[in-house]
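K.L.:
From just these sequences and the hints, can you work out the full model?
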Amino acid sequence: MDNLKLEETPNNSVFNNIDTIQDPDIVGETDRDDKPVSSEIFTTERSLQGNITEIEYRCDVCNKTFVSESEVFIHKQMHDKGKPYRCEICGKYFAYNSYLISHQRIHTGEKPFRCQICEKTFTQNSHLAIHIRSHIGEKLFHCEMCLKSFVSNSNLTKHKRIHTGQKPYACQICDKAFTQKSHLVNHVQSHTGGKLFPCEVCEKSFVSKSNLAKHERVHSGERPFHCDICGKSFSDNANLVVHGKIHSGEKLFDCDVCGKSFFTNSKLTIHKRSHSGEKLFYCVICDKYFVSNSVLTKHKRIHSGERPFHCEICEKSFASNSDLNRHRRIHSGEKPFHCDICGKSFTQNSCLVIHNRSHAGEKPYHCEVCGKSFVDKSNLNRHKQTHTLPILSVQQHLSEH
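Under UniProt numbering, the first residue of the sequence shown is numbered 1, with each subsequent residue one higher.
All clues given are correct.
No farther apart than 16 Å at their CA atoms in a straight line, the calculated lysine to aspartate or glutamate pairs in the EDC-like style are these: (1) K267 / E250; (2) K64 / E88; (3) K204 / E306; (4) K372 / E362; (5) K120 / E222; (6) K298 / D323; (7) K267 / D254; (8) K298 / D287; (9) K260 / E250.
Hints are computed from structural coordinates only; laboratory data are not their basis.
P.N.:
Next up, the structure:
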């Protein structure tokens, strides 16, 4: 251990003749207050003579001072690991000062790197470089399993977990696992009830700043993510990615019961409930059950009358964003769903599905009275009225006479 060091200041002198410090037999032992007497620096005569609580322990690598020898020992481990730069806000250490500077922007919110195309800002230049690839279509990282390409290696790593099923981030409370650390962080807050980010418009709160940003676009109508193929816009990038699969036809998630394929795993999960009859989401107003929380949320607006999605052209309001999107096509004339057989286009995917049945000869809706079949439920309902009309006419005739 280093010998005791005493600093000389204008108001004191160096004390060299102190027996208890010079005696080699007691170096490293403790005094009456159980304070170590080695490696201390005394800045005043008073602190040397009596005020033992002001003793400081100094790191011989970076000269940082501490109140105990154990703290110096823990601190010096950071130097041994090659991470000498410490964030004063959260205590995290970094190998290089440039890494520390980039990290500190998380606390300050500073984003000095701006995209010249869309004005989006970033904390690091490397993040900006990756973002620019999304504009120019450059995707340098390729999946060897499905040949899909990505703008960054980290996105490729996340994608590969779809194939491997790997979920390396596990919740310590319920053992639920996730493919991404950010998903785990959001999930843990669902246990603690921590919703730190409130919306200033409707006062709804969210577990992450990114979730709040997505929600605020509901109020602003902002749709900054655009499809390069059809020009359709979306409020968040995840929806754009899912939409892109409509054009590519990519459906990686297959139902093991009926073989039907889906663009996302969440859609597959909801679909499987149609086989099991499982309905986990319950309306407390009318006691009705639903297969997904999103369907329940949409249903609740029937009771509340809430219509939070507004058309910016005619100001008509809707209970769901999907209803608003369908309505917008009235104004734009957009028909993004195309028949591969005859080339006919439709405003909704459900209309395309019904249309495809005319090519396949499929008629899955059957009249239980006469056995006649139809391609969609609405035609079946109109047909059923032909069976009930005569009865209604007789009942009306009897009531009039």
